[in-house]
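Could you put together the complete structure from these sequences and hints?
Residue numbers (UniProt numbering), protein chains in the order written: chain A, 1 to 133; chain B, 1 to 133.
Since the hints were derived computationally from the structure, they do not count as laboratory data.
There may be inaccurate statements among the hints.
Copies of one chain are not kept apart here, so a pair can be met inside one copy or by any two copies together.
As the list claims (entries may be wrong) - In silico DSSO-like cross-links for lysine-lysine, where the CA-CA straight-line distance does not exceed 27 angstroms:
hint : residue 1 : residue 2
1    : 82        : 39
2    : 82        : 36
3    : 36        : 85
2 protein chains.
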Amino acid sequence: MSKQEFVVLGQDDAEGCCPALLTAPLDEGRAETLAKVFKALGDPVRLRLLSMIASRAGGEVCVCDLTPAFDLSQPTISHHLKLLKQAGLIDSERRGTWVYYRLLPQMTDRLAAILTRPAGQPLTETAPAGAAS
Amino acid sequence: MSKQEFVVLGQDDAEGCCPALLTAPLDEGRAETLAKVFKALGDPVRLRLLSMIASRAGGEVCVCDLTPAFDLSQPTISHHLKLLKQAGLIDSERRGTWVYYRLLPQMTDRLAAILTRPAGQPLTETAPAGAAS
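Structure below.
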């Protein structure tokens, strides 16, 4: 049984989906929760690990296939993977000697939804402020 | 003339859009660039500031209207706003006494696209690994 440490985003939202980010001021609690997920993504090694896991045909990657891509020790890689897992972005399963990782697409779907502008709502003009001055 | 310090994401991509995150391993350079943007989002005060700016009717907010929402000094708020601006998430314009901020939706659009799964490509199953063990 895998130990889940999900960050739960917006379970009590009206649409059961996502806290508003672009359409309403975020409250402190949700900002804290969401910031932890973005912080997990705010590191180049973790982004590379996530992309390697997410893009793998078959949906999962052995940690033994991740480590050689980096000039980092296995404990360091494992630490980064732990942070991605704690953020709810990936899950892991030990089978025999190795741990296998896979994307939890629910979380990336939620982040994508949070960052997507509502249809028909152009928030601002596209020209940079001051461009015409 | 506003001083732009945009992080440029994936301008040389085939579709002129976004570096792959979920469909192909991210290279080191792009991971560094993208991590800076996510790092800017990885703070609850900055997320709240971004949501206040993005959701404001009219599309821009005076810094004088942002500061009172926080138990933080104006220099601290200005520092957080500077980091959001350096990440290409917001822009600013000084008019008279005050600085006005607005969302740069191009960047949130790009992040949303990066985090969106390609159509018809269910990357993994939704049941947590180990749930059946």
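Tested hints:
In this assembly of identical chains, residue 82 and residue 39 lie within 27 angstroms of each other by CA distance both inside one copy and across copies; the values are 13 angstroms within and 18 angstroms between. In this assembly of identical chains, the alpha carbons of residue 82 and residue 36 lie at most 27 angstroms apart whether taken from the same copy (13 angstroms) or from different copies (20 angstroms). When the C-alpha separation of residue 36 and residue 85 is checked against a cutoff of 27 angstroms, the pair qualifies both within a copy, at 12 angstroms, and between copies, at 20 angstroms.
In this structure, every one of the numbered hints holds.
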